[in-house]
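Engineer: These are the residues of each chain, in order.
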Amino acid sequence: MKTLALFVVVITGAMLIYAGQDLPAFGDINSPSYQAPMTQYFIENSLEESGVTNIVTALLANYRGYDTLGETAVIFTAGMAVILLLRRRET
Amino acid sequence: MSRIQESVIIRTVVRITVPFIQLFALYVIMHGASGPGGGFQGGVIFGAAIILYAMIFGIAEGKKKMSDALDKILASTGLVIYAATGLACIIFGGMFLQYSAVPLLPDPAEVSKYLIDLVEIGIGITVLAVMISLFFDISPPESEPEGAEE
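Chains as they are written, first to last, in numbering that gives the first Met the number 0: chain A, 0 to 90; chain B, 0 to 149.
Pulled out of the complex, with its shape left as it was, chain A reads as follows (with noise of 0.2 Å):
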């Protein structure tokens, strides 16, 4: 059994590191992402309209705020379904 998940995890890093070389290369302009107009446009104002230079944070916490909430509703709701199942009561 151990061979056997060991023989599972070796092929799927093969696999990951294969599919890895054709990820763009780091800061490469002529990248798809990076010819994505949206790509321009978040580079260009996210700093006027967000005020923060994070460019990341911007888009998580104010373009996409609404999904990021949902995140943390996720999170918040995992750890809930935990407490109901898994909490010892008090002795």
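No lab work stands behind these hints, which were simulated from the structure alone.
Since this is a predicted model, take the numbers as computed values, not measurements.
All the given hints hold, so there is nothing to weed out.
Derived coverage of chain A by chain B (criterion: at least 3 residues anywhere in the stretch with Cβ under 8 Å from a Cβ of chain B; other residues may be distant):
hint : segment
1    : 41-50
2    : 58-66
3    : 75-86
A few chain A residues that face chain B, going by a derived Cβ cut-off under 10 Å, partial list only:
hint : residue
4    : 53
5    : 55
6    : 70
7    : 72
For glycine and all other residues, C-beta sits at the position ideal for the given N, C-alpha and C.
Keeping the supplied structure of chain A fixed, place chain B upon it in accordance with the hints.
Structural biologist: Relative to chain A, chain B alone:
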């Protein structure tokens, strides 16, 4: 108590490093607006500090730092901070989570910056409380009750 928990070196190192890990977590949360970081990452680091403490000094000792009732309260408080920020924007005439509608400061971008910080704090509180409660609920009950308060 396992042999790892009895080690003087590990207990001393954990006692010294836990405050610094917590300080680093607060830095990561507050630095989310101007650099790498944010509520999710900082909350996980803060939770990991308490979990490290509970792993070395025992679950009962850890629950003195973060009781069962407290982490339920904190988990919901963080979500309420986030949702209340969104609702405040509606009250001031904007859309849900439209931070620039709140007239706290003359510059709308500045308001947005501080409200994003507030939202990140809310995320961090929820994440750290859920992390810690997951650890406490999954950990096995302590085999020998060595402390008087159990």
